[in-house]
Amino acid sequence: MPVKTLSPERLKRFHDMVDDYPNKRSMLMMTLRLVEEEFGCINDEAMEIAADLCGVTPAHVQGMVTFYTHFKRSAHGKHRFMVCATLMCALDGNTDQALKQIESKLGLKPGQRTQDGLFSCEKVECLADCDKPPVVQKDFEHFCSMKGKALDDYIESLLKLENKTSAEYQNSSGVEMDLRISVLPSHYNFEGETESGARQFDDKDPYFKPGEAPRTTSVPPPLLTPLTAPVADGVNMNGAQHG
Amino acid sequence: MADATPFSPVILKHIHEPGSHTIEHYQARGGYETARNLVGTAEPASLVKIVEDSGLRGRGGAGFPTGKKWSFLAKGTGKPAYLAVNGDESEPGTFKDRYILEKDPHQLLEGVILTCWAIQSNHAFIYLRGEFILGYERLEAAVREAKAKGFIGKNIFGKNFDLKVVVMRGAGAYICGEETGMLSSIEGGRGYPKIKPPFPAVSGVFKCPTIVNNVETIAAVSHILKHGAAWHKQWGTEKSPGFKIFCLSGAVKNPGVYEVPLGITMREMIEVYGGGLIEGRTLKAVIPGGLSAPLLTPEMVDKCTLDYESLASLGSMLGSGGITVLHDGVDLMSAVYNTMRFYHHESCGQCTPCREGTGWLEKLAHKFHGGHAHSGDVDLVGEVAKNMRGRTICVLADAAAMPMQSYLQHFRGEFEKRTHEPAHVERLRTPRDEITPTAKRESVQHGAPNVVDVGMGMDRV
Ligand SMILES: Cc1cc2nc3c(=O)[nH]c(=O)nc-3n(C[C@H](O)[C@H](O)[C@H](O)COP(=O)(O)O)c2cc1C
Ligand code: SF4
Numbered sequence: 016m017p018v019k020t021l022s023p024e025r026l027k028r029f030h031d032m033v034d035d036y037p038n039k040r041s042m043l044m045m046t047l048r049l050v051e052e053e054f055g056c057i058n059d060e061a062m063e064i065a066a067d068l069c070g071v072t073p074a075h076v077q078g079m080v081t082f083y084t085h086f087k088r089s090a091h092g093k094h095r096f097m098v099c100a101t102l103m104c105a106l107d108g109n110t111d112q113a114l115k116q117i118e119s120k121l122g123l124k125p126g127q128r129t130q131d132g133l134f135s136c137e138k139v140e141c142l143a144d145c146d147k148p149p150v151v152q153k154d155f156e157h158f159c160s161m162k163g164k165a166l167d168d169y170i171e172s173l174l175k176l177e178n179k180t181s182a183e184y185q186n187s188s189g190v191e192m193d194l195r196i197s198v199l200p201s202h203y204n205f206e207g208e209t210e211s212g213a214r215q216f217d218d219k220d221p222y223f224k225p226g227e228a229p230r231t232t233s234v235p236p237p238l239l240t241p242l243t244a245p246v247a248d249g250v251n252m253n254g255a256q257h258g
Numbered sequence: 005m006a007d008a009t010p011f012s013p014v015i016l017k018h019i020h021e022p023g024s025h026t027i028e029h030y031q032a033r034g035g036y037e038t039a040r041n042l043v044g045t046a047e048p049a050s051l052v053k054i055v056e057d058s059g060l061r062g063r064g065g066a067g068f069p070t071g072k073k074w075s076f077l078a079k080g081t082g083k084p085a086y087l088a089v090n091g092d093e094s095e096p097g098t099f100k101d102r103y104i105l106e107k108d109p110h111q112l113l114e115g116v117i118l119t120c121w122a123i124q125s126n127h128a129f130i131y132l133r134g135e136f137i138l139g140y141e142r143l144e145a146a147v148r149e150a151k152a153k154g155f156i157g158k159n160i161f162g163k164n165f166d167l168k169v170v171v172m173r174g175a176g177a178y179i180c181g182e183e184t185g186m187l188s189s190i191e192g193g194r195g196y197p198k199i200k201p202p203f204p205a206v207s208g209v210f211k212c213p214t215i216v217n218n219v220e221t222i223a224a225v226s227h228i229l230k231h232g233a234a235w236h237k238q239w240g241t242e243k244s245p246g247f248k249i250f251c252l253s254g255a256v257k258n259p260g261v262y263e264v265p266l267g268i269t270m271r272e273m274i275e276v277y278g279g280g281l282i283e284g285r286t287l288k289a290v291i292p293g294g295l296s297a298p299l300l301t302p303e304m305v306d307k308c309t310l311d312y313e314s315l316a317s318l319g320s321m322l323g324s325g326g327i328t329v330l331h332d333g334v335d336l337m338s339a340v341y342n343t344m345r346f347y348h349h350e351s352c353g354q355c356t357p358c359r360e361g362t363g364w365l366e367k368l369a370h371k372f373h374g375g376h377a378h379s380g381d382v383d384l385v386g387e388v389a390k391n392m393r394g395r396t397i398c399v400l401a402d403a404a405a406m407p408m409q410s411y412l413q414h415f416r417g418e419f420e421k422r423t424h425e426p427a428h429v430e431r432l433r434t435p436r437d438e439i440t441p442t443a444k445r446e447s448v449q450h451g452a453p454n455v456v457d458v459g460m461g462m463d464r465v
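Protein chains in written order, with the working numbering: chain L, 16 to 258; chain G, 5 to 465.
Keep in mind the hints are simulated off the structure, nothing from the lab. Do not take every clue at face value.
Below are the DSS-like pairs computed for lysine-lysine, each with C-alpha atoms no more than 30 Å apart in a straight line [claimed, not checked]:
no., chain 1, residue 1, chain 2, residue 2
1, G, K163, G, K230
2, G, K151, G, K211
3, G, K153, L, K27
4, G, K107, L, K164
5, L, K27, G, K158
6, L, K147, L, K124
7, G, K307, L, K147
8, G, K79, G, K53
9, G, K72, G, K211
10, G, K367, L, K115
11, L, K153, G, K257
12, G, K288, L, K27
13, L, K115, G, K158
14, G, K151, G, K168
15, L, K115, L, K164
16, G, K200, G, K307
17, G, K200, G, K153
18, L, K115, G, K390
19, G, K257, G, K79
20, G, K158, L, K124
21, L, K147, G, K288
22, L, K124, G, K153
23, L, K115, G, K371
24, G, K151, G, K257
25, G, K153, G, K163
26, L, K164, G, K257
27, G, K163, L, K153
28, G, K288, G, K237
29, G, K17, G, K211
30, G, K72, G, K230
31, G, K230, G, K243
32, L, K147, G, K257
33, L, K147, G, K107
34, L, K27, G, K168
35, G, K153, G, K107
36, L, K147, G, K17
Please construct the entire structure, taking both the sequences and the accompanying hints into account.
Here you go:
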């Protein structure tokens, strides 16, 4: 069982959504946004909570989080800069200039995070405001024509907010962000899970005609009797003798 | 078709007025009256007929006739029908849906209500890309306002018709703009496109019949059902009637969104609406319909009018209406490289020709960009692009191969300029005493005046 769940206020927002969706799994995208908001990023714990709320496995949630690049992850900085690097923004050196300004203020190259974890910078693909390049997003704030004084002033205001000066960052280089997920949470209850990642079907599932009994996953009998005692030396799982 | 009334913007008419996103503003200009009159009273099939007669074509990219798509919706399946509105807008160079969502979300909602009545669906999803922040807030607020007024929810407009409208957010995946990819994402999975057929109209989201339409298409529906099919047909051409929002970006003086009748000339769009090219530059090429559209050379631009047929006859497409103007200073090899990096990054990875092909094209473009491609690589690019087309689940692979093929077709010289023979190959081909150590090699001069390098490097996160 997950250790924690959402705060009551966000849990209420989750339950308010339930009626809008035909099944729990389809609430996953929006639930991930809720946990992202709650934790400030999507970490292991957030993924487990989302999995539990939407009735899918944590592995499925991990698959989602690594597929969708906009979710904020624990490797990202507290202030996450996303600079559009697609053709329309890159024309006439706009993206380059924004990236250079970020580098000169924060010592960050794209793909890096400051050592204190406060700032990170990355190149992203088109942000759909191509008439006003360069387009930059900082977490959930959207800026267009973000270069020159506008960008410098904005970074300065963030630095002030964090009680930092850009001089502190200029001599230290950023660290590369590692966005891989390698560890599966160990303390999770996998009961009743199916291959598609769905853990349970409820009768709201429209795959099934109204009135039809909800499908239950029948768990096949275990091939081996579960081990209760520690395995004796030299005996492998199949009971065959070594040697 | 002759212009009956001079055209003035329809969908974007009110975007510059303060408060245009509120329900008060929308109702003050007659908003929701069409829905009030038609929902619950008009015969749904007659509405589908009006949209079919109006000749409205999908504004999301493919240009499929909207009324026809609606008429394909499977009936009598016993399953609920869904409407999924595509607000993913991730095609580079396109930013029209943003204006509708941020400045006038209620006309989209009225379109959704009317569409749902026409296709008899009680449940609509509006899928926005995660990067739309203001647009999401405004649309959510609009849905709340409309719910409070009884335009969405149970027994809307006091009629015996229920409607749920759910706004969902994506999270930065271009492939969720592809209709089946978007449906996979709505179902709570990775945005993997699905094999068609079955088309979504037969088996879409949750395996139920689903209509997928772009935001602009649905917004246009609310106007067509208000004014009628003939009104819509007075603009545009025979086969592409009506008006469309074009997004102008790149090297023009006045980039922005312009709603114009279909069939105006590309020159008019660039010179009159865009104010011409920026000072001191000349035209090199135009990307006419979002990054996936094959490029037009200046000669083709002169012949081009902005309708589906004209662009198709020039070997390109109208696509989503994102027009990007490239000036003579743009280093084309860096543009190719930037484009291919985009597709490689955004390929979902299900199909080998796409997953590997986009990677190959990116790497080859990288070689051309850096000036270390071999002469054989020019043909290899063409070969790889050719082999990617028509072999995949969705058309992202084609969307990557098409611009590459057009660059190669129109600017082969630029590719060849960047190749050089490795010394040992050159030596094999030339008689011994003629060997000179000059390898044909021209790489971009970084920082050279007048050359704009848009490569942006291979590293990404
Ligand atoms: C790779 C790819 C990306 C697409 N991106 C979008 C998009 O961002 N927005 C959109 O409306 N349609 C997009 N489409 C087109 C949709 O698949 C679909 O045709 C469209 O939403 C249908 O709506 P319409 O008939 O109103 O145009 C994309 C298609 C492909 C193949
Ligand atoms: S063509 Fe590319 S993006 Fe489309 S399904 Fe196949 S791998 Fe995914």
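Verification of the hints:
no.: 1; hint: G:K163 x G:K230; in the structure: holds, 19 Å
no.: 2; hint: G:K151 x G:K211; in the structure: holds, 28 Å
no.: 3; hint: G:K153 x L:K27; in the structure: holds, 23 Å
no.: 4; hint: G:K107 x L:K164; in the structure: holds, 28 Å
no.: 5; hint: L:K27 x G:K158; in the structure: holds, 22 Å
no.: 6; hint: L:K147 x L:K124; in the structure: holds, 23 Å
no.: 7; hint: G:K307 x L:K147; in the structure: holds, 28 Å
no.: 8; hint: G:K79 x G:K53; in the structure: holds, 16 Å
no.: 9; hint: G:K72 x G:K211; in the structure: holds, 21 Å
no.: 10; hint: G:K367 x L:K115; in the structure: holds, 25 Å
no.: 11; hint: L:K153 x G:K257; in the structure: holds, 28 Å
no.: 12; hint: G:K288 x L:K27; in the structure: violated, 56 Å
no.: 13; hint: L:K115 x G:K158; in the structure: violated, 54 Å
no.: 14; hint: G:K151 x G:K168; in the structure: holds, 9 Å
no.: 15; hint: L:K115 x L:K164; in the structure: holds, 13 Å
no.: 16; hint: G:K200 x G:K307; in the structure: violated, 35 Å
no.: 17; hint: G:K200 x G:K153; in the structure: violated, 39 Å
no.: 18; hint: L:K115 x G:K390; in the structure: violated, 38 Å
no.: 19; hint: G:K257 x G:K79; in the structure: violated, 50 Å
no.: 20; hint: G:K158 x L:K124; in the structure: violated, 53 Å
no.: 21; hint: L:K147 x G:K288; in the structure: holds, 21 Å
no.: 22; hint: L:K124 x G:K153; in the structure: violated, 50 Å
no.: 23; hint: L:K115 x G:K371; in the structure: holds, 24 Å
no.: 24; hint: G:K151 x G:K257; in the structure: violated, 42 Å
no.: 25; hint: G:K153 x G:K163; in the structure: holds, 13 Å
no.: 26; hint: L:K164 x G:K257; in the structure: holds, 22 Å
no.: 27; hint: G:K163 x L:K153; in the structure: violated, 45 Å
no.: 28; hint: G:K288 x G:K237; in the structure: violated, 34 Å
no.: 29; hint: G:K17 x G:K211; in the structure: violated, 38 Å
no.: 30; hint: G:K72 x G:K230; in the structure: holds, 19 Å
no.: 31; hint: G:K230 x G:K243; in the structure: holds, 22 Å
no.: 32; hint: L:K147 x G:K257; in the structure: holds, 12 Å
no.: 33; hint: L:K147 x G:K107; in the structure: holds, 17 Å
no.: 34; hint: L:K27 x G:K168; in the structure: holds, 19 Å
no.: 35; hint: G:K153 x G:K107; in the structure: holds, 20 Å
no.: 36; hint: L:K147 x G:K17; in the structure: holds, 21 Å
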